[in-house]
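On the provided structure of chain A, position chain B as indicated by the hints.
Protein chains: 2
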Amino acid sequence: MFILNANDKAPLYRQLYNQIREQVLSGKLPAHAKLPSVRDLATELETSRNTVEGAYQELFAEGYIYSRQRSGYFVSAIDQPVAPVSRLTAARKPHRPSASEPIFRFDFHPARLDPAGFPLAQWRSCLLETLRESPAELSHYGGFQGDGELRCNIQRYLERSRGVMCDPERIFVCAGLQQSLDLVAHLLREGHSTLAVENPGYHLSRAVFQNNGFEVVPVEVGPGGMDLEALRASRSGIAYVTPSHQMPLGQVMPIANRLNLIEWAQSGGNVIIEDDYDSELRYHGKPIPSLQGLRPDADIIYLGTFSKVFSPALRLSYMVLPNSLLAGFHALYRDYFPTVSLLEQKAMARFMAEGHWDRHIRRMRIVYQKKHDTMLKAIEQHFGARATVIGAGAGLHMVLELRESSRGESAIISEAAACGTYLFPFSATCAGGAPDTTRLMLGFGGMTAADIGEGIRLLAEVCLNVEEKCPREQGQK
Amino acid sequence: MFILNANDKAPLYRQLYNQIREQVLSGKLPAHAKLPSVRDLATELETSRNTVEGAYQELFAEGYIYSRQRSGYFVSAIDQPVAPVSRLTAARKPHRPSASEPIFRFDFHPARLDPAGFPLAQWRSCLLETLRESPAELSHYGGFQGDGELRCNIQRYLERSRGVMCDPERIFVCAGLQQSLDLVAHLLREGHSTLAVENPGYHLSRAVFQNNGFEVVPVEVGPGGMDLEALRASRSGIAYVTPSHQMPLGQVMPIANRLNLIEWAQSGGNVIIEDDYDSELRYHGKPIPSLQGLRPDADIIYLGTFSKVFSPALRLSYMVLPNSLLAGFHALYRDYFPTVSLLEQKAMARFMAEGHWDRHIRRMRIVYQKKHDTMLKAIEQHFGARATVIGAGAGLHMVLELRESSRGESAIISEAAACGTYLFPFSATCAGGAPDTTRLMLGFGGMTAADIGEGIRLLAEVCLNVEEKCPREQGQK
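As given, the protein sequences belong to chains A and B, one line each in that order.
If you count the first sequence from 1, position 80 lands on 95 in the working numbering, and the numbers rise without skipping.
If you count the second sequence from 1, position 155 lands on 170 in the working numbering, and the numbers rise without skipping.
This is chain A alone, in the form it adopts within the complex:
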């Protein structure tokens, strides 16, 4: 017996569906029991045939009932007991917004960008123009390699500004450096099992290759970049390097070492992965040309990103593959769809074509140079001779090596945090043990000039063990 309630919010057919379904699942309607005909049940319930037909169709579609030609509907045999979890009563944590990280007054994270630096008006107009001009494109998957016009614009930019020599056919648009690395790791796994990385070096790249089953061999980095003898000794066939701005120490690999590294690749059938992550940001002189441009025919995989100068939130990066890897790459990813929004790819192509990109880089170089210089001055003022700056002059961070402090990194980080100051641990960039001396990684991209000064002052007090450390602690005394 079923009861339909016209005052119930659920449609009548749905009420009937629910009641029959429940009786099937509870066994009250046993397997192979015949259901009343549509006409009979409609009459019985004083409802329309459509209501009964709708309920039966849904029960049938989901397999609760089956039909026999000219005989009507029957209850299906269901062996497994149904979940005790009813949809309405399932135990479920109440919704709460995802736990946000503590908010820091002074955030020295090296990956922060200037909050006001995003070229909002130009980007909006590029998005709108793209939406206006090619709305039909939104009904298509784009090509895996990325939008053709964007790749052409990236090619011209790379040649002009980074000395990278390639065809747009060698450029692939990706959703961030890590995705580029993931694609590369997949590709190189066929012939390689170890990867040499700079030590200290970028920890996120290590993570990607480790997750792809590679043995990651740390090779020491000196003032000239990765130690080539140690690289040879590692017997690794791939070297991941950051020659234009070593991550995290900031040096530029000298031309002699660059040529030696390329020679290592060419004479031994080895591969170089050149990560050129923030090469646009050099504050004195022109940016350092890329390794790739020295030998465009060598096996160098060149990686670049829009995350450092433009926005890390949009997830846009690119890579240039050597000719030797193109066929294998296309074979591996023949069936893949792209991972970057076509709308944003086309908007970026337009942003570059209209000259916004070059202007934006010039503008941000000035913005960040000011912050960089403020930081250097504040360090000079508050640390004086008790610390040495490593890797200034470029990028969005510098490294501070403490001299006389006996305090270790973790003590400094936790005390700084108590004073509302975030420090990214330098030790995260070290494979194996942390260095003997305490080094602090200081990003300045996201901070105002005033906050840089105040934050460095506070940090000096924390590091140099001055009695009164932070305003909050003072207040609590």
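Treat the hints with care, as some may be off.
No distinction is drawn between identical chains; accordingly, a pair holds when it is met within one copy or between any pair of copies.
Calculated pairs, BS3-like style, for lysine-lysine (alpha carbon to alpha carbon, straight line, at most 25 Å) [stated by the list, open to error]: (1) Lys385 / Lys301; (2) Lys301 / Lys49; (3) Lys392 / Lys301; (4) Lys301 / Lys386; (5) Lys24 / Lys301.
Treat the hints as calculated values from the structure; they're not laboratory data.
Below, chain B without anything else, positioned relative to chain A:
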């Protein structure tokens, strides 16, 4: 001897840099040769000291020269000859736009969407509102798991419309189904080496797992979905299934088989990957509730996407992980950045919150139902009893099984292409050999009603070996 030319477009310091660099690389300036002092060279060239200082600084930064305290600059020793490829003369294919695929008059690709279906005005307003409200967010990397508000809205939608029961903490935003699968494959690789897939089944999922080193075992699909006995016999610990709308055959897995499949997972410590790719599009009755909702505590990985109803160009998908896999997932991807643009995530959160998403689904269901019905009618008219439709009633494609035709798939596809008609090969969904009978996969999402009628008429002529095939060939007679 260096020559500076004030009429040259390049700045003076750059001209000087280029000339010294060339002499270093050619050996004209030998290793360890001392360079003139800044003052002397400036006097000699009748230029400012800044010009010389600028050139030296850049040569120094790139390692062409080195400095000794109080002694000035010296030429670095460079062992390797420099690339013969000059930047200006490098052989390079002239730029040409990427080769576009041939344009088809009738495109039956199953992944095409209605070109006018994208909700342009609403999406634009959501993008603009997001840009207006939270521009500062664009200077941050978002969280790897995805925007919190978007995950909450997806959770509510999934519970309401798909019967999926989960916390937003179990939802991960991804850049398309393949990226979801790639993350899952990485995760499951620890404990598994084989994956059971439906045969016929979605070929792109097979590719992702194969690229991740899995042995992929095809398991036959019957009217009730994946054959459970064959699944058990495969000894695979993971089953990838499309229970709400089998890809490509279109059946719904009956409730009894769903519960048996869940029992297989629960009793054997196995994992189910439920791909619910186009579940919104059922044209009769309500959408089929998900497998996941039957047992939210089972090891079911639920995958959904915005590509089928909304836009494949924006690259937005999501997955719901079982509780048992959460800790491992977070450990593996602790250091990862997200792959989806935060701007588009937030725009989608807003799109859902304002009710546009639900309205859009209802609207698209009507649009596609009309195309679907037109297709059925056209098939009935032009093929009649000589073909059977499989898997109608849902999604964006149906399968046509030819009866009396002796022609094979590849002959039909190439002859159709000659008549301007694109057919996606059904055989691509078959692991191992193609089926005995010829099956055609017919997508209707991207076609107008008129084109569907005309395209099916033409296809019938191709398939059924009628004399006069296509207008173009007629014209050539």
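Inset, instruction - Report the numbers of all earlier hints that the structure fails to satisfy, in ascending order. - result: none
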